[in-house]
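Same order as they appear, the protein sequences are chains A and B.
Its first residue numbered 1, the first sequence is counted upward by one per residue in this note's numbering.
Its first residue numbered 1, the second sequence is counted upward by one per residue in this note's numbering.
For the record, the hints were derived by calculation from the structure and aren't laboratory data.
Possibly wrong hints are sitting among the right ones.
To be verified - Below 30 Å or equal to it, Euclidean Cα-Cα: the simulated DSS-like pairs (lysine-lysine) are:
| # | chain 1 | residue 1 | chain 2 | residue 2 |
| --- | --- | --- | --- | --- |
| 1 | B | Lys208 | A | Lys589 |
| 2 | A | Lys580 | B | Lys88 |
| 3 | A | Lys580 | B | Lys202 |
| 4 | A | Lys556 | B | Lys202 |
| 5 | B | Lys88 | A | Lys564 |
| 6 | B | Lys244 | A | Lys481 |
| 7 | B | Lys244 | A | Lys545 |
| 8 | A | Lys588 | B | Lys88 |
| 9 | A | Lys589 | B | Lys191 |
| 10 | A | Lys588 | B | Lys89 |
| 11 | B | Lys84 | A | Lys588 |
| 12 | B | Lys89 | A | Lys564 |
| 13 | B | Lys241 | A | Lys589 |
| 14 | A | Lys481 | A | Lys528 |
| 15 | B | Lys208 | B | Lys219 |
| 16 | B | Lys84 | A | Lys528 |
| 17 | A | Lys571 | B | Lys88 |
| 18 | B | Lys84 | A | Lys571 |
| 19 | B | Lys84 | A | Lys589 |
| 20 | A | Lys332 | A | Lys289 |
| 21 | B | Lys244 | A | Lys588 |
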Amino acid sequence: MYRILSVVVLLWAVVFLVFNENPVPPLDVMRQIIWVWSGTFVCVASLMGLGKLTAWGFRSDRIRWDIAMVTGLGSAAVLLLVIVLAGWWSGFTIGALLLLGLACLFVPTVIEWPQIDSYAWILITGTACWTMLDALAPCVDTDALYYHLALAKQISIRGSLIGGFLEPNGSRPMMLHLLYSLSYTLVGEQSPAVLHWLLSLSLLVSVTERSKGGIWAVLFLVSSWSFIQEMGIVSNNLPAAFALFLVFICVEEKKYRFAVVLAFVALSIKLTVIGVLAGIWVFCVSTVKIRMWILVATLLLFSVWPLRNVWDGLHPLFPYMGWDEPFQYVEKYGMGRRIKDMLLLPWNVMMHATPNTHIFQGKLNPIVFVAVFFTFALHKRWIALVCFSLFFWAMGPQWIRHLLMVLPILGYMFARTMVSAPMELRGAVFVCILFGLPGNWGPLLARWSEAWTVVSGQVPREEFQEEHIPGFQALHWADRKLPKDAVLDLFYVWGGSVLNRPYRLSSVEDHIPVRSWIRKHGDDSIDKLNTEFLIVGKPAISYKKYSFLSKEVYEKEFEAPIAKLEELLLKQSVLVYTAKGYRVYRVKKSVDN
Amino acid sequence: MLLIWTWVAAETVPVHAFPTPCIDPRFPVIHHGWILGCNRRGLVAESYNPQTYRTTQLPAGYEYVGLGGAVQLGADGSFSLTTKTLDKKERILEAVNAPPAGNENIWVYTTDEAVFYKEGRQAQSVQARPKGWYPPALWGERIVWVENDGVGGETLWLWDLETTRPLMPSSSPQRHPIASGLWLGWVEEEKIWLGNFQLNEKRVIDAKAVDRLALHNEKACWSQWGEDDIDIHCSDGFVLKREKHQLWPSLWGNKLVFQEDGRLMMYQFEG
Chain A
1 MYRILSVVVL
11 LWAVVFLVFN
21 ENPVPPLDVM
31 RQIIWVWSGT
41 FVCVASLMGL
51 GKLTAWGFRS
61 DRIRWDIAMV
71 TGLGSAAVLL
81 LVIVLAGWWS
91 GFTIGALLLL
101 GLACLFVPTV
111 IEWPQIDSYA
121 WILITGTACW
131 TMLDALAPCV
141 DTDALYYHLA
151 LAKQISIRGS
161 LIGGFLEPNG
171 SRPMMLHLLY
181 SLSYTLVGEQ
191 SPAVLHWLLS
201 LSLLVSVTER
211 SKGGIWAVLF
221 LVSSWSFIQE
231 MGIVSNNLPA
241 AFALFLVFIC
251 VEEKKYRFAV
261 VLAFVALSIK
271 LTVIGVLAGI
281 WVFCVSTVKI
291 RMWILVATLL
301 LFSVWPLRNV
311 WDGLHPLFPY
321 MGWDEPFQYV
331 EKYGMGRRIK
341 DMLLLPWNVM
351 MHATPNTHIF
361 QGKLNPIVFV
371 AVFFTFALHK
381 RWIALVCFSL
391 FFWAMGPQWI
401 RHLLMVLPIL
411 GYMFARTMVS
421 APMELRGAVF
431 VCILFGLPGN
441 WGPLLARWSE
451 AWTVVSGQVP
461 REEFQEEHIP
471 GFQALHWADR
481 KLPKDAVLDL
491 FYVWGGSVLN
501 RPYRLSSVED
511 HIPVRSWIRK
521 HGDDSIDKLN
531 TEFLIVGKPA
541 ISYKKYSFLS
551 KEVYEKEFEA
561 PIAKLEELLL
571 KQSVLVYTAK
581 GYRVYRVKKS
591 VDN
Chain B
1 MLLIWTWVAA
11 ETVPVHAFPT
21 PCIDPRFPVI
31 HHGWILGCNR
41 RGLVAESYNP
51 QTYRTTQLPA
61 GYEYVGLGGA
71 VQLGADGSFS
81 LTTKTLDKKE
91 RILEAVNAPP
101 AGNENIWVYT
111 TDEAVFYKEG
121 RQAQSVQARP
131 KGWYPPALWG
141 ERIVWVENDG
151 VGGETLWLWD
161 LETTRPLMPS
171 SSPQRHPIAS
181 GLWLGWVEEE
191 KIWLGNFQLN
201 EKRVIDAKAV
211 DRLALHNEKA
221 CWSQWGEDDI
231 DIHCSDGFVL
241 KREKHQLWPS
251 LWGNKLVFQE
261 DGRLMMYQFE
271 G
């Protein structure tokens with residue numbers, strides 16, 4: 001009886017969705033959403049299949065769902081790397097890889113699915129609903145625009161890997177981006193964000209399940225702006241944190257073969273994991289012999305990326321090294337690096353961090369500070385791991401998004417302590433989380449509300465992009481109006497992923513690619529590019545941000561390249577379009593000035 | 001005394017009314033004796049009369065505005081600088097891809113798919129592929145605009161309200177058309193063209209214009225590289241040679257307005 005009633009209610013819901021007068025979102029938008037979701041779910045199912053295959057290769061008759069997902073991600077990326085290096089990248093070959101992954105779901109190894117309590121499921125579902133809006137809205141996050149989504153598109157458009165001084169972002173380890181490229185090729189532009197969203201939700205479920213701490217792990221993680229705001233955008237922080245968390249779990253469970261594969265995956269997604277990874281290796285692996293075996297095996301697998309750079313004639317760790325100036329000035333971020341500043345860092349990062357400033361680039365819930373002290377009630381090796389990870393983080397640029405690497409592990413430990421915590425402590429912790437919510441969720445409510453207007457089709461996607469992507473109009477104009485085979489060179493422009501064609505240069509940390517190019521080639525900077533069109537942006541550079549540098553160094557490294565470029569543009573090119581300060585130039589064919 | 005007055009009148013002076021550069025480098029610009037400049041956000045929002053020192057605020061800030069008998073503000077209508085009134089009848093609701101241009105009662109403008117000729121509320125259009133950014137020119141009752149040539153360059157096309165055709169086929173990109181009275185001017189790779197359709201007169205000047213062409217009746221001025229920097233040259237042989245670059249000239253009567261090292265400058269011709 002109840003079964004029939006359920007079917008009737010579901011049918012009624014479908015009837016309402018299809019036949020009500022003002023469906024929101026409209027049917028064509030819904031069709032697109034369903035396509036992106038189903039396509040991306042198939043991609044994830046294929047990853048699970050490849051994870052099963054890996055477990056079967058390790059002669060395991062059972063594998064946890066989360067480990068299957070992340071090892072499958074690694075296996076798929078390695079196969080994609082072979083495909084792209086062999087020059088076989090096409091819809092057909094990567095489609096075949098997808099089918100192979102799906103076929104592997106029939107491998108006899110059994111996947112163990114998550115088991116968490118219903119309150120945690122409700123919280124995770126709620127989080128999924130909000131963050132889904134980010135995943136379905138057009139990508140406007142700067143890092144996604146110049147790096148994560150841009151690389152996925154470029155690999156897909158060109159059918160090859162990119163890299164070198166003109167495209168330095170492509171010389172980073174490309175594991176996750178190969179997968180993003182697969183989903184972009186097969187499903188479309190929104191798919192990498194949905195894939196990332198699924199991986200982030202999986203991380204939430206995994207930490208919740210593994211900690212056996214009910215809702216506490218979810219509350220801990222999603223109450224911080226830096227964690228929840230990342231879930232629906234295309235990024236690599238949370239997938240790297242997911243792999244790293246599973247390394248920690250596998251090491252704790254002494255599943256070292258899986259730990260090696262997962263460490264390789266984590267490192268190949270984001271090198272920043274190295275601090276926490278080193279902490280796990282030093283403090284959590286039991287014997288020297290196993291430590292050495294893990295180190296050698298992980299480095300052997302990871303060596304594929306440095307070797308690729310060496311093959312391309314670059315520094316093995318390019319683009320982090322190999323420039324004629326530091327890749328990143330860590331002094332630019334945080335609130336100072338003297339001993340006093342370091343001692344005040346925990347206070348400063350909790351009280352002075354805001355999502356929209358460069359100081360810490362993020363925001364944390366105050367419970368994170370409390371959680372560090374909660375680990376003192378746990379194993380000594382865990383205390384050492386957390387302290388080492390935080391120390392490593394403090395030595396870097398002190399971006400809160402780099403703290404995301406250790407946050408799931410900390411959340412796991414926190415939730416474990418909360419299981420046996422007395423009621424008064426639980427209440428106090430809940431109040432602490434609650435008081436942190438306005439500062440962390442406040443900025444997101446406006447963002448999600450705006451995302452809804454575009455997801456539901458009330459605001460056109462282009463209008464949304466125009467409002468949120470600096471230089472969108474110029475990039476979009478160039479993409480539509482310039483010859484299809486023309487390669488564009490981007491100076492001081494971040495939004496490369498707007499383009500549906502190959503491009504070069506663009507930007508990364510402090511615009512180092514363009515500044516380095518201009519300093520190296522001087523008057524020949526445009527000639528040496530052998531290009532037809534340039535797009536020039538508005539570099540937001542001021543000495544205030546670089547006051548730790550001498551005025552001479554600042555002028556040489558930052559101001560002189562801009563002045564040189566402007567001079568060359570006046571001599572060698574013709575301005576053909578401007579919008580909101582972003583300019584498109586055609587390079588003159590004959591220049592005799 | 002007269003000699004001193006002539007020398008003073010011919011001096012280049014900074015225009016302090018607009019200390020902030022505009023987002024669109026084509027502004028500030030002098031039009032009907034008023035200089036249209038930008039607010040602190042770089043949006044065109046104010047006009048200044050260098051003779052009367054009067055300023056007039058536009059209804060809002062705009063990245064660019066159209067220039068004709070009045071100032072064209074798109075969906076807001078057209079704004080008269082003299083009467084300070086907004087005429088909503090002259091609203092342009094299409095998604096224009098360049099500043100409109102016009103004269104007393106006619107506006108011409110381009111979208112990505114068409115060229116429009118609007119007189120009062122009545123508009124007619126013709127299908128085209130305007131490249132955008134370059135304003136069209138209203139040359140008598142003819143419209144000249146920059147068409148996307150599909151290979152990265154620009155070609156000028158003409159619509160005489162009956163047929164459309166390339167203005168003057170050329171292998172070089174043709175850009176920055178501008179009309180003043182009976183005269184039409186534009187920039188080609190290493191030439192500047194001036195044409196008068198009534199006199200059927202054409203002039204070709206060998207010059208490599210850096211940016212756009214300024215035109216007032218038959219007098220044209222443009223920026224051009226000299227030995228060390230960019231100076232302003234005019235079709236009557238006048239050269240404004242100063243230190244640093246002089247860019248984005250605009251011309252009205254005997255006044256020449258241009259940008260120099262981030263500052264707005266004005267030069268007044270003798271006579």
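These are the hints, each one checked on the structure:
{"no.": "1", "hint": "Lys208(B) / Lys589(A)", "in the structure": "holds, 13 Å"}
{"no.": "2", "hint": "Lys580(A) / Lys88(B)", "in the structure": "holds, 26 Å"}
{"no.": "3", "hint": "Lys580(A) / Lys202(B)", "in the structure": "violated, 37 Å"}
{"no.": "4", "hint": "Lys556(A) / Lys202(B)", "in the structure": "violated, 49 Å"}
{"no.": "5", "hint": "Lys88(B) / Lys564(A)", "in the structure": "violated, 46 Å"}
{"no.": "6", "hint": "Lys244(B) / Lys481(A)", "in the structure": "violated, 34 Å"}
{"no.": "7", "hint": "Lys244(B) / Lys545(A)", "in the structure": "holds, 29 Å"}
{"no.": "8", "hint": "Lys588(A) / Lys88(B)", "in the structure": "violated, 42 Å"}
{"no.": "9", "hint": "Lys589(A) / Lys191(B)", "in the structure": "holds, 15 Å"}
{"no.": "10", "hint": "Lys588(A) / Lys89(B)", "in the structure": "violated, 42 Å"}
{"no.": "11", "hint": "Lys84(B) / Lys588(A)", "in the structure": "violated, 43 Å"}
{"no.": "12", "hint": "Lys89(B) / Lys564(A)", "in the structure": "violated, 47 Å"}
{"no.": "13", "hint": "Lys241(B) / Lys589(A)", "in the structure": "holds, 27 Å"}
{"no.": "14", "hint": "Lys481(A) / Lys528(A)", "in the structure": "holds, 24 Å"}
{"no.": "15", "hint": "Lys208(B) / Lys219(B)", "in the structure": "holds, 17 Å"}
{"no.": "16", "hint": "Lys84(B) / Lys528(A)", "in the structure": "violated, 52 Å"}
{"no.": "17", "hint": "Lys571(A) / Lys88(B)", "in the structure": "violated, 43 Å"}
{"no.": "18", "hint": "Lys84(B) / Lys571(A)", "in the structure": "violated, 41 Å"}
{"no.": "19", "hint": "Lys84(B) / Lys589(A)", "in the structure": "violated, 46 Å"}
{"no.": "20", "hint": "Lys332(A) / Lys289(A)", "in the structure": "violated, 41 Å"}
{"no.": "21", "hint": "Lys244(B) / Lys588(A)", "in the structure": "holds, 22 Å"}
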